[in-house]
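Participant: Sequence:
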Amino acid sequence: MNFEVFAYLATGAANTLLNIGLFLLIKLLFTNSVVALEAATIISFTITVFTGFWLQKNFAFINSGNEIKETRRQFGKYSLVALQGQVSAYLLTKSMIVFLKINASTAYVVTAVIILTLNYFLQKFFTFKKQGTIMY
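For the sequence shown, the working numbering gives the first residue as 11, with consecutive numbering after it.
Treat the hints with caution; some may be incorrect.
[Stated by the list, open to error] Think about it this way: if two alpha-carbon atoms lie no more than 25 Å apart in a straight line, the pair counts; the simulated BS3-like pairs of lysine-lysine are:
#: 1; residue 1: K134; residue 2: K87
#: 2; residue 1: K79; residue 2: K139
#: 3; residue 1: K79; residue 2: K134
#: 4; residue 1: K104; residue 2: K37
#: 5; residue 1: K87; residue 2: K139
#: 6; residue 1: K140; residue 2: K87
#: 7; residue 1: K79; residue 2: K140
In short, the hints are calculated from the structure, not lab data.
In this text the structure is predicted, and so the values were computed from the model without any measurement.
Produce the entire structure from the sequences given, and follow the hints as far as they go.
Facilitator: Following this line, the structure appears as structure tokens:
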């Protein structure tokens with residue numbers, strides 16, 4: 011395993027742990043609310059989009075450029091990939107459960123592996139791709 015893949019997995023794991031921690035804390039704070047689950051999901055996702063971008067830009071994809079304009083463009087792309095990952099994970103997990111009758115936990119794990127792999131390639135070749143490089 012090369013360093014970039016290791017760093018991507020390590021930063022992703024750290025950010026996922028932060029996401030889970032924030033989710034649980036926010037859900038606890040909104041315990042008596044009808045929207046506890048939704049609020050916790052949205053707030054934890056929003057915060058960890060920022061932390062995930064910073065971690066991946068500074069530790070996994072370190073040669074992706076540092077100009078402010080380029081960083082803003084990358085953050086926009088990163089946010090799109092992260093949102094796509096959230097929506098795709100939900101739809102794929104739900105589809106496996108409903109149509110394939112797969113156990114929810116198994117469907118969630120399989121989906122996580124698929125989305126993690128997809129997101130790595132999207133981040134590498136779309137978000138953090140240097141300007142002017144050819145994707146192949």
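Participant: State for each hint whether it applies.
Facilitator: Results of checking the hints against the structure:
Between K134 and K87, the direct Cα distance comes to roughly 11 Å. Compliance with the 25 Å bound is thereby established for this hinted pair. Pair hint K79 plus K139 holds up; C-alpha atoms about 14 Å apart against a cutoff of 25 Å. Of the supplied pair hints, the one linking K79 and K134 holds, its CA atoms being roughly 18 Å apart against a limit of 25 Å. Restraint check: the Cα-Cα separation between K104 and K37 comes to about 22 Å, which is no more than 25 Å; the hinted pair holds.
A hinted pair counts as satisfied when its Cα atoms are at most 25 Å apart, and K87 with K139 qualifies at roughly 11 Å. Annotation: proposed proximity of K140 to K87 holds, straight-line Cα distance about 13 Å (limit 25 Å). Taking the CA atoms of K79 and K140, the gap is near 13 Å; set against the 25 Å cutoff, the hint holds.
In the structure shown, no violation is registered for any of the earlier numbered hints.
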